[in-house]
Amino acid sequence: MKKIVLLIFIGMAFILNSCQEEIDIEIPEYKNKLVVEGFIENDAYPMVIITKSIPYFSTLDPSVLFNEVIIKDAIVTVTSSTGESERLSLVYSEDSPIYFAYVGDSLKGECNKQYTLKIEWENKIYSASTSIVNTFDLDSIWFSTSAEILEDSMSTIRLLLTDNPITKDYYRFLVKVHGKNLTDRLWVYTLPLVFDDGTFNGNTLNYELLRGTTSSIYASTMSEEELAEYYRLTYRPGDTVYVKYSLMDYNSYRFWSTASSEITFGQNPFMSPAPIYGNVICSSGEEVLGSWCGYASKQDTLIYIPVK
Amino acid sequence: MEKKILKFIQLTFFTFISLLSYSQKITISGIIKDIDNSETILGAYVILQELESKDEPKGTVSNNAGFYSLSVSPGEYSLKVSYLGYTTITDTILLTQNQKTNFEMSPLVIRANEVVVTAEKEDQNVTSVDVGRVEMKVEAIKALPVLFGEVDVIKAIQLLPGIQSGGEGNSGFYVRGGGADQNLILLDEATIYNAGHLLGFFSVFNADAIKNVEVIKSGMPAYYGERLSSVLDVKQKEGNMKKFEVDGGLGIIFSRLTVQGPIKKNKCSFILSGRRTYIDWLIQPFLKKTSPLKGTNFYFYDLNGKINLIINDKHRLFLGGYFGKDVYGFNSESGGTKTEFNWLNAIGSLRWNYIISPQLFLNTSFTFSNYQFQTDMLMDVYSFKLKSGVRDYSVKSELSYLPPIPHKFRMGVHYIFHTFFPNSYSVEAGNENNLSFPEATPYYAHELAVYVHDEYEVNRWLTMNMGLRFSHFEHVGSFTRYIFDNFGNLQDSIVYKPGERISQYSALEPRFSARFLLSKNLALKASYTLNYQYLHQISMATISLPTDVWMPSTDLIKPQIAHQVSLGFFYNFHKNIYESYVDLYYKKMYNLSEYKDGIDLTSVSMNPDQLYTFGEGYSYGAEFFIKKAKGRFNGFIGYTLALTKREFENLNDGKPFYAKYDRRHDVSISLGYEIIRNKLYVSAVWVYATGNTMTIPIGFYFFGGAFVTEYSERNEFRLPPYHRLDLSLQWTIVKRKKFETGLNFSVYNVYNRKNAFFIFYESTSNLDIEHQQYELTTKAYQMSLFPILPSITWNFKF
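Residue numbers (our numbering), protein chains in the order written: chain A, 503 to 810; chain B, 54 to 851.
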């Protein structure tokens, strides 16, 4: 939706014979901030990616990424509400967008438990808490073709779920197409990133998974074919698609809903950017970006065999 | 509250008592008109000086209907009637009883061509008690250089200190740190909600149809209200009562035509004015197939009309209207996206003047105003429609009482019925996700004001304007209020019946200004006003756009309040050839509204007033102004040094931030020179302003496989300064009584300054896939709208 608005305004300026030129913006002293992308899921080990933010107009190349952005010397600990605790270790991981993450190998997430994250780095302590709620089941899920999809036998995915009327529920859906491409390595978001049950509380929701993409850091490294693959919204016959469906607590939802416009669309010159509500606190009071979230997830595998 | 009403009644009563003791005076009254076309003259001075007496002369000013009234002791007087641009009438007159004398004034044959942007009377700069009031003559506005040879009222007032434009492409104007919605814009007493065409490049006012323009930026008298910061009161011409007249202009981009004349000579007249662009027709053959403008509509037009009927000596009727529309459409390169947006203003006004007696004048008006904005977008399988608007019906009645004591009273009642249509969306998409967009229900409201105003000449040095305005506002049904819990769950909805009162507000607004003459050429002026504003236009984007929605005060949105004080010194020198002033002001505002963070145009809400957050603000500044009013070389320089800040609990972490149009410095220089008398006139305008504030990205980080931007504090950064030079040359080819024609050459933005319209960012990457190397940099770009634009217009009049 935001894209529509942006298009309107850029169009307006364009039609009035506008001129465009580069300008220099001087940003006053920039302070790098710690960025925490941490999450824990039921039946999975916690994963925490810790990086630093850098000035907006600075140049990013592999050495800057490795030496300045990725933080390799932090002490990361996760503790559960039932007393278990584990110190995470920095590993090379294919599941991390930047290939590095702090992961555990003994403490697994469980539903209905709270988890505290503690990071010690450069003599400061950062901490956050989250919880894993209960999982939910889908009524059904299937590949659906509809008239608007122009190419034959391409489809999207639809599902039916029945919402719990008693609880306030916050949903998230991720998809991954099986393959060895860079584009299929990571879970891809659906749009909207997260949503609540406000408009269908207690009812059955018939929902189409709109496969979205984030402004991927690797988009600029992809070839034409890879980009076409990355951005496609539909599935082809023979595709094996993994769908992960999750519920989360209010704080995790609040973080994702406030961060979603920045993550999905990026800069819009006409709107005042919204503050993002993360939950990581620093002992020295400095601002910390990102969040520590808990998800209650289940996963389904779909193989697309078109009906003739 | 009751105490205040009692005081109000007491004041009125006391005034009437005191009038009874002054029954020895004689009143001379009448109507002042232009001898050529019988157009009434507002603001003409009638001055009586008793012969063989050392008393100070007594004077008055003709009102909006050209009516004047002056009460003096019986005797012999020298009379002077003056108005700049007309030959002064002088006479001696013996007054023994009340008499009615009309005056017909002749336009000066040899025009002094004074580019007078302020003042009608020579020493008005010093003597006027209307502290923040500026009256502008249409001829003066016409002499300023503007784009495409088209004069513009709003561009002209933005040259005055204290009044600033929002920048390129911005249709609003900002007065002394107040918001764009805090200006009351009136055309023949009907409210205009969006006064801009083409993103504010032009205003809706066609100068050929306009008679008088008045701006009030402080010391707002009690007979105006509804807005906090300013009043722009524009009156249309009534139509030549004596003979047919056609004038117009033919330009490169658009043209205008005005026809006026008598329907019945000296009894009834009409005027009809139209203006339209035709750039969309002209450029079609030159457009490539892929151009966004190929085959689209892209134009704006205005239509002004008025009928003026003199029923008899005492009664006069005016029926007027305005209709204007903007349509801009464009298509994407592939044709997959079609967008069109249009907005329109329609107003109608019926006014009745009744001269009850030489001292009592009654003006009653019925007005209608309708503003609508709509966006239609078709993108692949999605069609999207966004609509909003306001509709007003109003009635106002004002009595002017000019008794034979040094008081001039105006009292009146004004009632408006508002209907607000906040953004309503309809989206039709190819898929069937049942996340729906509910329609926003209209808001209905009553607004009422009762006021009393007195201009009291205490003695020869001190004159005061005192007034009290009582205002009342109600939001009424039918309406549905949706109630959500903390998590955004719809808990309840309250349905209100039609006419049922949902919320109400009342206020007493005292208004005061005073002028103290320190010498013949120097005056000290001060004012204090308290204003309430019940309407809000909440701006989403960093620029003021027609998409900004108007909302009434409701149980969730309280009325905006402003206290303003001003203090200034006004000095004329060299026999009133030079006028100057220094004016200081301070304004404190409460209950200002902004959108909550994280809200954008597509935020769904069944009740839009739940999207706002509230705070306060202040502004202060100093205005400096000097003008050479007469002579072949004339002009003015204005400079404003000002600051305006906001403080909102829910924005910017509660820390104060600069308002988006906070302008530290604002400079306007306007110069004109008559090269050949009545033949060739050249003028130049140079403006400079500190850039608007912005929130900019300062850092970025990785999250979820994406780049996420980190922003500065709200409005912490500034755009580059805005400045621009315009030149224009006016060549009068033929100027006779029956026929006038001329050419106007204008160049807008002579040195092609690229003033930033907005700033956006783009990242580029240098890729070397083979060696797994990449380099990503982000740069800032500015987009500017109007480069150097020359134009020629051929003007004619017969």
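If you're looking for bench data, these hints aren't it; they were derived computationally from the structure. Owing to the predicted nature of the structure, the values given are computational and were not obtained by experimental measurement. Mixed in with the good hints, there may be bad ones.
When the alpha-carbon atoms are kept at most 25 Å apart in a straight line, the in silico DSS-like pairs for lysine-lysine are as follows [said to hold, decoys possible]:
#1 A/Lys533 <-> B/Lys832
#2 B/Lys732 <-> B/Lys649
#3 B/Lys708 <-> A/Lys535
#4 B/Lys111 <-> B/Lys78
#5 A/Lys535 <-> B/Lys832
#6 B/Lys708 <-> A/Lys533
#7 A/Lys554 <-> B/Lys78
#8 B/Lys649 <-> A/Lys670
Hints versus structure:
no.: 1; hint: A/Lys533 <-> B/Lys832; verdict: holds, 20 Å
no.: 2; hint: B/Lys732 <-> B/Lys649; verdict: violated, 57 Å
no.: 3; hint: B/Lys708 <-> A/Lys535; verdict: holds, 21 Å
no.: 4; hint: B/Lys111 <-> B/Lys78; verdict: holds, 13 Å
no.: 5; hint: A/Lys535 <-> B/Lys832; verdict: holds, 21 Å
no.: 6; hint: B/Lys708 <-> A/Lys533; verdict: holds, 20 Å
no.: 7; hint: A/Lys554 <-> B/Lys78; verdict: violated, 85 Å
no.: 8; hint: B/Lys649 <-> A/Lys670; verdict: holds, 23 Å
Going through the hint list in order, the structure does not satisfy hints 2 and 7.
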